[in-house]
Amino acid sequence: MAKRPLIFITNDDGYQAKGIKCLTQAVSQIGDVLVVAPDGPRSGMSCAITSLEPIRHQLISKEEGVTIFSCSGTPVDCVKFGISQLTDRKPDLIVSGINHGSNASICVQYSGTMGAAIEGAILGIPSIGFSLLDHDANADFSHTDKYI
Numbered sequence: 417m418a419k420r421p422l423i424f425i426t427n428d429d430g431y432q433a434k435g436i437k438c439l440t441q442a443v444s445q446i447g448d449v450l451v452v453a454p455d456g457p458r459s460g461m462s463c464a465i466t467s468l469e470p471i472r473h474q475l476i477s478k479e480e481g482v483t484i485f486s487c488s489g490t491p492v493d494c495v496k497f498g499i500s501q502l503t504d505r506k507p508d509l510i511v512s513g514i515n516h517g518s519n520a521s522i523c524v525q526y527s528g529t530m531g532a533a534i535e536g537a538i539l540g541i542p543s544i545g546f547s548l549l550d551h552d553a554n555a556d557f558s559h560t561d562k563y564i
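Take 417 as the starting number for the sequence shown in the working numbering and just add one per residue.
Hints listed in this document are in silico derivations from the structure and should not be mistaken for laboratory results.
This one's a predicted model, so the numbers in the text were calculated from it and none came from an experiment.
A few of these clues could be false.
[Stated by the list, open to error] Restricting the straight-line Cα-Cα distance to at most 25 Å, the calculated cross-link-like pairs of lysine-lysine (DSS-like) are:
| # | residue 1 | residue 2 |
| --- | --- | --- |
| 1 | 506 | 437 |
| 2 | 478 | 437 |
| 3 | 478 | 506 |
| 4 | 419 | 478 |
| 5 | 506 | 419 |
| 6 | 437 | 562 |
| 7 | 562 | 434 |
| 8 | 434 | 478 |
| 9 | 419 | 437 |
Let the sequences and hints guide you as you build the complete structure.
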């Protein structure tokens, strides 16, 4: 039996954000999911990496087809650390978001969500970032499924 695609998910709003939970639910229909996301908000981190402190991770949950880790680093750290330390196979796709707020125009330059997608592309992995221009913690992400 063929393996399902491995989809790597991260963001810059943290592993507990509503957007990443919606994204995880949407893509878990089409592949196995590995979430490695910051342990708290890291908006505006762009492509920053952690260089002066150890990066720590914690297994949050592991269910059939979905494994979730939190990471003390930036979104780019999550990508680098997750791929090199938390999986033994190269992801087929990196999906970042769903960001609470815009990632359009110049915001792409500053966004940690987009920084993670850019890092995936640098590593040769097809990557995409999603955002929703709504900063409310209870934002309605239901209409994003058709785009994801």
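Hints, verified against the model:
1. Simply put, residue 506 and residue 437 have alpha-carbon atoms about 22 Å apart, close enough for the 25 Å limit, and the pair holds.
2. At roughly 14 Å between alpha-carbon atoms, residue 478 and residue 437 fall within 25 Å of each other, so this suggested pair holds.
3. In summary, the hint linking residue 478 to residue 506 is supported, as the alpha carbons are separated by about 19 Å, within the 25 Å threshold.
4. Only pairs whose Cα atoms come within 25 Å are accepted, and residue 419 paired with residue 478 is accepted, the gap being roughly 18 Å.
5. Taking the CA atoms of residue 506 and residue 419, the gap is near 13 Å; set against the 25 Å cutoff, the hint holds.
6. At most 25 Å may separate the alpha-carbon atoms for a hinted pair to count; residue 437 and residue 562 meet this at roughly 16 Å.
7. For the proposed pair residue 562 and residue 434, the alpha carbon gap of about 17 Å is at most 25 Å, so the pair holds.
8. Under the criterion of a C-alpha separation no larger than 25 Å, the hint pairing residue 434 with residue 478 is consistent with the structure, at around 18 Å.
9. Among the hinted pairs, residue 419 with residue 437 is consistent with the structure: their alpha-carbon atoms are about 23 Å apart, no more than 25 Å.
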